[in-house]
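Chemist: Take a look at the letters that make up each chain.
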Amino acid sequence: GENVEQHPSTLSVQEGDSAVIKCTYSDSASNYFPWYKQELGKRPQLIIDIRSNVGEKKDQRIAVTLNKTAKHFSLHITETQPEDSAVYFCAAPRSSGGYQKVTFGTGTKLQVIP
Amino acid sequence: EAGVAQSPRYKIIEKRQSVAFWCNPISGHATLYWYQQILGQGPKLLIQFQNNGVVDDSQLPKDRFSAERLKGVDSTLKIQPAKLEDSAVYLCASSFTQGGYNSPLHFGNGTRLTVT
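Protein chains in written order, with the working numbering: chain A, 1 to 114; chain B, 1 to 116.
Possibly wrong hints are sitting among the right ones.
[Claimed, not checked] Okay, derived cross-link-like pairs now, BS3-like style, lysine-lysine, Cα gap no bigger than 25 Å in a straight line:
no.: 1; chain 1: B; residue 1: Lys-71; chain 2: A; residue 2: Lys-101
no.: 2; chain 1: A; residue 1: Lys-109; chain 2: A; residue 2: Lys-57
no.: 3; chain 1: B; residue 1: Lys-44; chain 2: A; residue 2: Lys-109
Source of the hints: derived by calculation from the structure; they are not laboratory data.
Could you build the full structure based on these sequences and the hints that come with them?
Modeler: The following block contains the structure:
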């Protein structure tokens, strides 16, 4: 099955600095790469995603980059704010028998220090 | 659009008791997922439905867990009998998946289960 490795497991940054989280996947057939944010005690929510025909996607302070050759994709958060503090999960769904099989990364706990 | 609905929000039971969770996905979403999330870990897939059929239950402890999705809409997940290690948040999610086109998951607020 798909193996998704996520690093780092924890990340502390000063407010205003940038944060980068990286995920590596194993299945070359994966073609969709979402990132989810989970605040303490809340449900995971999609914050940004990218498809394999695009190398980079940006939404305000958040961006995702994809390197299909190396099989890794990264989440970039610029000008971090305290409300960015949360656990971030990557996923690398792949199609199997007409449905998608979703494997999540192990998560990165981001702490933004005011 | 209305989100994924789950109930109850919290549940405390003693070990060896039974418990059931309910989920109503977003209207039109054919795929429904049940995840177990233990504190400090990522979501672990328990079972996945496509309409009313099971497409993946490889990580479901079938000796104690069961799930159904009658009529391809809402779903129930049951644990009988519960063990201490079942203490976790049970997340239901749904997605609009058509053919091989992958799409984002929409999660419910989850049910926090505590087994004492």
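Chemist: Does each hint fit the structure? Answer for all of them.
Modeler: Against the structure, the hints come out as follows:
1. At most 25 Å may separate the alpha-carbon atoms for a hinted pair to count; Lys-71 of chain B and Lys-101 of chain A meet this at roughly 22 Å.
2. For the hint linking Lys-109 of chain A to Lys-57 of chain A, the alpha-carbon distance of about 22 Å falls within 25 Å, and the restraint holds.
3. As the CA atoms of Lys-44 of chain B and Lys-109 of chain A are separated by approximately 17 Å, the hinted pair is consistent with the 25 Å bound.
Of the numbered hints listed earlier, not one is contradicted by the structure.
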